[in-house]
Amino acid sequence: MQQNTPLTANVSALPTTPARAARRPLPIGRLILSLVFYLTIGFFLVNLIAMVSTVVIDSFGTSWFKTALPPEFTLHWYTDLTAEHDLTLLLGNTFIVALATTLTALAVGFPAAYVLARKQFRLKAPLTLLFLLPMLTPPLVYGIPVATLIIRLALGGTLFGVILINMIPIVPFVIFVLMPFIEQVDPSLESASRMLGAGRFRTFTRIVLPLVVPGLLTAGVLALVRTFAAFELTYLVATTGGSQTLAVALYGDASGAGIRPHQFVNAMAVIYMLMTMSLVVVALFFVKPTQFVVRIKNR
Amino acid sequence: MLKTTLSAPRPRTGLETLVLLLPALLLVLAIFIAPFLFGLNLSLHTGYRGEGAATLTNYTQFFSDPYLVDSISITFQVALPVTLFTLFISVPLAYFMRRGIRFERGITTLLILPLTLGNVMVAESMLMYFGRQGWFNQALQSVGLIRQPLVLVHNWFGVELALFIQNFPFVFLMILGYLSGINPDLERASRMLGASQWRTFRRVILPLALPGIAIAFCLNFVANFSVFPSAVLVGRPDDQTRVLSVMAWRSTYEQNNPPLGTAIALTMGVIELLVVACVLWGRSRLARGATLGGGKGA
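If you read the sequences in order, they're chains A and V. Reading the first sequence from the start, the letters are residues 1 to 299 in the working numbering. Reading the second sequence from the start, the letters are residues 1 to 298 in the working numbering.
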């Protein structure tokens, strides 16, 4: 896709030759359309930013009613927060779960993605469907039976259980993100390496792996961001405080809104947001924003 | 092709395929399929641990109790309008943006914000911003558009709004991918043959994009149908937004009845997969029609 194409280049407005069409001034209809487009997207984005800002401002405010800004600012919601939540534990749990899930998913998903992208074999279609199924099923549908089983196996409230349940959507996700990257690597490179005497393993580690590194990075970074913000599945298994992640603790605070002041909940939200945002900033060094959305082949 | 003739014969290729696939396959079987079967079996029993002979008690209880079974229609009332609305907004916007626009990188970066924040965070920030005394109502009142603050959260509308904010970027970016993949020559040809912009959109672009739009609909519908944190945080989980996932969660964890909760979860899965199957079936018929009309560019 072209990026930052000037608007005038799009205007093949009339069925004349392209050269003449490009030199025409911007037609009024096109101008109105651009205006509507930027206003709609702008309205959405402005509200989004304002939404996030209110949370940040409120977390530093004393009390905030009917005014544009809180009358006084304070830090004491954050001191309350550190007193009531073991933030180091929550943060540690979140990172352990996200990293362990992502790395396992990559290790398991990469060979599978390689086979699905390269080989033709019987049962390929049903296998692809099997890997697609966890992505097409809502998390709570399989989450409840899986969590019941995990709790029954005495793994409820353990990080291992949380990692296990989070792997269900992430393994297929990694496979489908990796497949197009593997398809791009020319198979004749592998054949050449084999013909020059390299073994299967050597060809894989010296030819295929280096060429797929961008794909592994993309899949890894996206999986990391996803598990970091994952809520439902972790919530079902993290039955004790010791295995909670940031998102689950935030939900716990928010759903018990009557008990906790909203500034307290919002201070927690700010901590959570700082973490996800910094992760996303790092992620954007490796992937384009549009890659956050998986595209299933349009056939 | 040259590539195929070059590749050397591989004697153990079947075995290799199997070995490479095995880890992922075993994992999916162990953590997805097996628990699913366990859940199916559990839903056919009663009691906390599910002892005794198999019975349909949980399913008959679900379908005969109006309080429980009504959540099916409630879920549809929550999921369907917002899914259609999101598509309705996304398609024209993506159509406009299909050849790239100014500030594209900036816009797409901001758009992924709700995707990365997660649904709990989106709902939590809505409570402040769209609340009675939030900035949104303050702004509308100060311009004089409304007298009384609008009630935008803790009701059906709050959930619709949360789902829209959460999923619009996803649907928009996905449809943008499909639309920008359509060969621009087809559009140019249609215009050259005298069709208007609107007619070109309706007769050329839309038929080619419909399979992609159908996929976007499915993924969006699946997400909206299983709404959980937003339904509790910005909805009214006792009546207006008493969706299936809330009922499944309550039965399992609040009433300590995992068999009933699992039965509700599985029912939800079956309904949702039926809808997806219907859409995909329609899509396959459409796709056949579209290929007759001409190829699709890279």
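Careful: at least some of the hints might be erroneous.
Under the rule of at most 25 Å between Cα atoms (straight-line distance), these lysine to aspartate or glutamate pairs were calculated in the DMTMM-like manner [claimed, not checked]:
| hint | chain 1 | residue 1 | chain 2 | residue 2 |
| --- | --- | --- | --- | --- |
| 1 | A | 288 | A | 183 |
| 2 | A | 119 | A | 186 |
| 3 | A | 124 | V | 16 |
| 4 | A | 119 | V | 16 |
| 5 | A | 288 | V | 65 |
| 6 | A | 288 | A | 186 |
| 7 | A | 124 | A | 186 |
| 8 | A | 119 | A | 183 |
| 9 | A | 124 | A | 183 |
Bear in mind the hints are in silico, worked out from the structure with no lab data behind them.
Checklist entry - Honestly, which of those hints from before does the structure not fit? => result Of the numbered hints given earlier, the structure breaks just one, which is hint 5.
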